[in-house]
Amino acid sequence: MRTLVFILSMLLFVRPINGAAAEIKLATTTSTEASGLLALILPQFEKASGVKVKVISVGTGQALKLAERGDVDVVLVHARPDEDKYMAAGFGTIRRDVMYNDFIIVGPKSDPARLRGEKNASAALQKIAKSGSRFVSRGDDSGTHKKELSLWREVSIAPKGAWYLEVGQGMGETLTMAGNLGAYTLSDRGTFLAHRARVGLDVIVTEVPGLFNPYGIMDVNPAKHPHAKNVDALKLIDWIVSPAGRAAIGSLKVDGTPLFTPGAAPKD
Amino acid sequence: MELWATTQEALRLLVTGDATLWGTVWISLKVSLIALLIATPVAVATGFALASIAFPGRRAAVVVLQSFLSFPTVVVGLVLYVLLARSGPFGDMGLLYTQTAMIIGQAIIAFPVLAAFTLASVQGADRIVRETAVSLGATRTRAAMTTLFEVRFAVMAGLFNGFGRVISEVGCAMMVGGNIAGLTRNIPTAISLETAKGEFAQGIALGIVLIVLALIINGVFHLLQGEGDLK
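Chains S and V are the protein sequences, given in the same order. Quick note: the first sequence uses the numbering used here, first residue 1, plus one each step. Quick note: the second sequence uses the numbering used here, first residue 1, plus one each step.
The hints are simulated quantities; they were obtained by calculation from the structure and are not laboratory data. There could be a bad hint or two in this list.
Looking from chain V toward chain S, a few residues come up when the C-beta cut is under 7 Å (computed) [to be verified]:
id, residue
1, G178
2, N179
3, A181
4, L193
5, K197
Please read these numbers as outputs of a predicted model, since none were measured by experiment. All residues carry an ideal CB built from backbone N, CA and C; glycine is no exception.
With the rest of the complex left out, here is chain S (with noise of 0.2 Å):
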C-alpha cells in the first residue's frame, strides 16, 4: 500500500512537469537559425505559449523530408514550388506566408551595363550578357546559384564566355571578387550588407519580380502522423503569422537594416 501511494505521488510529481513542457520539433532551412532570426523571436513565443520549440535546421530539401516523415512538427522553408507540392499530397493541413528577403544584384557603381531602373530580374541579367559586362557567379550549386540560374533560364540565356566567371565560392568570397574585378553579382541582402563597406560595390537592381525570396510555415498532417504535435505546431503558426510574431520578425537587424519582411512576398 504504501509503495503504491510511493508510486502515486510519484505520477502526481511528474505528470505536471511533462504537461508543462510542451515542445515541438520545427524543421528549417540555414539562413533562418544562421541570421539569428530564430534565436530572437523563438523565445518570444515561448513565453507567449508555454512551447518549447527545438530546432532543427538542415538544407531545404531535408527539412521538407523531414516533415513529410513526420519526424518533426512543423517546417519552415523558403522553397515555394515544392512547399506547394507538399501540400497537395496531403503531407501538410495549412500553409501561411511568414515573410520574405531578397536577392540583390550589385555591381560597380559606374553601372557599365546600365542596369540601374531595370524592372525584372531576369532582363537585367540579359542586358550584362549582351554588354559582356563580366559577371561573377557563385558556381557552387547554392540556393543563391540555383536562383541566378533560374533567372538565366528564363531568358534563355546559357552563361559563357570570358565575361562570365564562375568562382565555386561562398558569397562573401565572390563579392571580394566581383569588387576587385568591376563585375556584377548576385548576393542575398544580407551577406552584402555585412561586406558592403570592404567591397565597394553598390545595390544596382532590387525589389523587382525575380528577385523575391519568400519562406513559408505549414505544419504536418496528423491524419499522416498521429503523433505529429498538431496542436501545439499550429499555436506556433498562429503566432509567427500574428501581429506580435510579425513585430519579431521585423526586429532583426544589420545595421539599422531589416533582414526579413514579414508577411507574403509582392507578387513576381
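For chain S, the structure is supplied; the task is to place chain V on it using the hints.
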C-alpha cells in the same frame, strides 16, 4: 564501399576524357611548372651564395630562409592579395585573379624550399671539389657549377619538394587565382569546390590525377638527374 563506387566513377571521368577535368589538370601543370622555372635559378643561386659567401648577417639570413619553409601558403596568398588588390599598390596592373598571380604566388612558395635544400647540400659538400676545380684553373662560376653538379641529388630533392608543395597547395591559389572555372581553377581548388558541393567522385578523380601527375613529373626529374651511386 562508397569509396570504391566513388573511385570507379572517378576513373570513368578520367578515361572518358572529361574536358573540364583535363582543362583543370592543364592549368595546374602549367602554373606550377612555370613557377618552378622562375624560382629555381634564383633560389639555387641564393642557396649557394648563403652557403659559400661570408657577409654580415649571413646567419640571420639563413634563419629567416629556413623559417619561410613553415610559412602557410594562405599567408603568402593573403600578402600577395593585399599587394595586387584593386586598392593595393600594384592594383593597376590587373594581375589579381589571373594565372600570372598564381605563378608569382607559387614561385614565392617554392623559393625557400629550393634555396634551403641548396644551402644544406652545398654546406655538406666536400670543400675539396671546389678547391680542386679552382686549382685546375676554373673560374668562380665554373667552380660553383662543379660544386652544384656534385650535390645535384640534394638540389633535385629540393625541386621534388618544391614541386610537391606548389602543385598541391590550395590557399594561395584560391586567394589570388580566385578558382575561376577554365581560367584559374587548378586541381587543388577544384577538389576543394567539389568537396563543398558534395561531388566526391569528381574530387577523388582529381586527387588521382594529381597523384599520377606527381608520379610522372618526379619520374622525369629522376631520369634527368641520373641514377647515382649506391652507398
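Tested hints:
1. Interface restraint check for V:G178: the shortest CB-CB distance to chain S comes to about 5 Å, inside 7 Å, so the restraint holds.
2. Checking V:N179 against chain S by beta carbon gives a least distance of about 5 Å; that is within 7 Å, so the hint holds.
3. Interface hint status for V:A181: upheld, as the beta-carbon distance to the closest one in chain S is roughly 4 Å, under 7 Å.
4. Residue-level restraint check for V:L193 holds (minimum Cβ-Cβ distance to chain S is 4 Å; threshold 7 Å).
5. Nearest Cβ of chain S to the Cβ of V:K197: about 5 Å, under the 7 Å cut. The hint holds.
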